[in-house]
Amino acid sequence: MIAANLPALQVVVPLLGAVICAFLRRGAVAWAITLVVCLVMPAIASTLLAQVLTSGPISYALGGWRPPIGIEYRVDVLSAFILLLVSVIAAIMLPYAKRSIEQEIPADKHTWYYAIFLLCLCGLLGMAISGDAFNIFVFMEVSSLATYALISMGKDRRALLAAYQYLVMGTIGATFYVIGVGFLYSMTGTLNLADMASRLAGIENSRPVLAALAFLTVGISLKLALFPLHVWLPNAYAFAPSVATAFLAATATKVAVYLLLRYFFTVFGASVIFAHLPTTEVFLLLSVAAMFGASIVAVFQENVKRMLAYSSVAQIGYITLGIAIANQAGLTGGIVHLFNHALMKGALFLAIGAVVYQTGVVKISDMAGLGKRMPLMMGAFLVGGLSLIGVPGTVGFISKWYLVYGALEQDWWWLAILIVASSLISVVYIGRVVEVVWFRQASGPVKRATDPPASMLLPTLLLAAMTVYFGIDTSATAGVAGLAADWLLAGIR
Amino acid sequence: MKLDVIFRIAAKIFIPFMLVFAMYVQFHGDFGPGGGFQAGVVAAAMVIFYAIIFGLESAQKIFPQRVVELMVPAGVGIFASVGIAGMLMGENYLNYSPLGPDSAHGQEYGIILVEIGVLVTVAGTMVAIFYSFMGRDR
Amino acid sequence: MVLLTLLAAVTLGIIRMRNLFAVVILGGIYSFLMASVMIVLDAVDVAMTEASVGAGISTVLMLGTLYLTHAWEIRPVHRDLLPMFVAVATGAALVFGTFALPPFGAADTPVNTHVAPYYLENSIPDTLVPNVVTSVLASYRGFDTLGETTVIFTAGIAVLMLLKGRRELKPGPKRRRLKR
Amino acid sequence: MAVIHEIIAHYNHWIIIFLMVSGLYIVVARGNMIKKLVGLGLFQTSVYLLYLSPGKILGGTPPILSPDYSVYSNPLPHVLILTAIVVGIATIAVGLALVVRIHEAFGTIEEDEIFAEDEDE
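Protein chains in written order, with the numbering used here: chain A, 1 to 493; chain B, 1001 to 1138; chain C, 2001 to 2180; chain D, 3001 to 3121.
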């Protein structure tokens, strides 16, 4: 019975967890419940992935109504991969969250904060698993509202402003998404994505469908912070509480990318997207602009969280670049980078979160000498940084390898050069931090800093270790990503 | 807020009707326009109306803050558990068919229960939000 | 048609006004007009919701916010180019898309022939509920409604988290105004 | 003449688009946070019409089954828009709560003033 209902449980368990948390008064109990939920999630997700790999996509009819009538949950290789990514990241971060939240959030709000965290998780998982266009919108809003709340609880008052800006832009994005779905619905009469795809056959090039494509692309791009629609992201990441930043950076934009892939390849079909429309050119241009523009801005940031946030915008550029290259290797690179970037950004933000926890310092110039005081945390930071650069032996290298390979396959040697060149910029901003942290004398609050307690140390080190492990043994990550890419591209050939 | 006699009497007359109307909207939703959400809003409007006229404190005496706060998750809990109940009886999540003697009655009962869940969360949330805004100025 | 024209007029008013109090009241009027349009379109449930939410709850909350902040908008010192561009581009895409939609009011469009007839034909045998909107909302697409309730739940917790408790009187803000 | 005929035939589309675009314009152009949220509300509300109009069948009645009628308008868009309205008010409520907190923290709700102030930090 449980096995048959896993797709529903994947979303309903965090929801029930949130309900329970909201009933409680004690933060520690809420944390324990959240922890249990977050440990169950990867188990469900990995079971689903295993099922998909052995016996093909799973379709689950919610309420027992067959798909175009009711809402369908559809798990395929790609969505199972995303589910696993989101739930693993949540599970790793939760032990870390306890201390960090105790320090950053007022005690009477802990239970609510955990409830909101679980709701955010529920929304993200719901977006990734749903096979219904409107259901995706509803869960997008669950996760977005939860995200605004998570961000707004940052200690700096600018967190409120960041949350407000994100709320406005996020809502515009969601409304654009709704407009796009509305056009598609008007033309097909259905909201089920698979049904929609089959009923779009023959009218792909009608005007409402093209308009729908435009609105969906812009709406989702706002959510995934595609350059130049990224302006909400740096402030949101810079001022949110540490755990929220790390969790959102590792998951939220990834799920939006998944949506884009889903619409491009399975609903509209790659032949529409890439054959007749300038999608490739637009995405190439924007991705390259993100890779360079955002990286260069990152170099000049004083606040280390902001620096990493800009770096995220640049890294999203690599992911969308994979979409634009749109051959097997390129797409594999893009998808595997979803996972890889989540690992390394998670490690980086957790390391910085620990610095904030121990010292309260967020400016790069104030971090002098931390390398000696917090060797393990700064070691994790270094690993994440090296991976951002794309040094062999880290996951960052794997993603870039596939991307360069994909670019060369398309005979775009100039693009391969650009990918390598943009990595050099990340050498500059990571190098800047490394120089300050290891080669300068400690002063101020840094002098008394030490590595944080184990509950914060281990998750960070685990992410750093995974950054290295999956950089060497790529069979799991790149293997699944490759399968997902094959499956997405099956529409073209 | 000025306590005006006319307002108070008007409120005393209106509020019971609002409650009746909310219940009508809730349970007549199967046959006419309406349902849990609309009823929740009307019920919340009743509390808000009361709070505006008689003051926040006296409203909070009748509808305490803590109760309202608990209503917010409770409704979702009811809704989600109805879904779980269907699942425990061997159907897919949110399939209400096994809840009644036959499939159609099961659906009908399920819809009524679920609408109550919606009512509880909506009314609770609207009042909680209103309380939060009003409470800010003290 | 008359209603739609009135809606447009109200919108112009909202754009022009700088007294936020008036803007909020116009927003309420807008919602009432919108609800009337919805009744014309046979969406009675939606109209009821729009009237109670748009004209009721959201106006109350807006007024509450105005009471806690202040009611005048400063003269916008904004560069008008970007907003104009965004608006025109969106408008163009909308015109491009909408004008090729199937004709208004016809019964043989994809929307009215594909999934919807199932609901109309089977609502009573499946669920014994004659109001099809209710049966679709709570059963056929019940999970959307669970999601919707979850959205409300999320918003409720978010607002409570933001606004509950005493104001922190931090020394930080320089230009904090004294209490009205 | 053809042009005028075209405009009149699509009159409701023109208005709907005008409403959406002006809502969006308010959001992007205005610096006052409350006004932005009003604009956001307008933008969302006008999108509802985009869903509801295709579901209307001329001569139909509201989708409440009864032996007296045989043609009903499409119930599905109504359900979707009910959900969308709820999502909309939830967003607006959170937005307003943020505005209240921003006003307490910064003493203003004009974006320009806040950005001006932020630069000296």
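Hints are computed from structural coordinates only; laboratory data are not their basis. It should be emphasised that the depicted structure is a prediction, and the values quoted were computed from it without experimental measurement. Treat each hint with caution, since some may be false.
[As the list claims (entries may be wrong)] Computed Cβ-Cβ distance ranges for the label pairs, DEER-style: (1) Ser206/A - Ile2074/C: 51 to 61 Å; (2) Ser3070/D - Lys1012/B: 18 to 28 Å; (3) Ser271/A - Val2088/C: 43 to 53 Å; (4) Arg66/A - Gly1100/B: 12 to 22 Å.
[Stated by the list, open to error] Okay, derived cross-link-like pairs now, BS3-like style, lysine-lysine, Cα gap no bigger than 30 Å in a straight line: (5) Lys363/A - Lys155/A; (6) Lys109/A - Lys155/A; (7) Lys155/A - Lys2164/C; (8) Lys2164/C - Lys1061/B; (9) Lys447/A - Lys363/A; (10) Lys155/A - Lys447/A; (11) Lys447/A - Lys372/A; (12) Lys1012/B - Lys109/A; (13) Lys372/A - Lys109/A; (14) Lys1061/B - Lys1012/B; (15) Lys2164/C - Lys372/A; (16) Lys363/A - Lys109/A.
[Unchecked claim] Chain B stretches covered by chain C per the calculated footprint, using a threshold of three residues with CB under 8 Å from any CB of chain C: (17) 1004 to 1016; (18) 1086 to 1092; (19) 1110 to 1116.
Backbone N, C-alpha and C fix where the C-beta goes; we use that ideal spot for every residue, glycine too.
Legend entry - Hints not upheld, ascending by number: 1, 2, 3, 12, 13, 15, 17, 18
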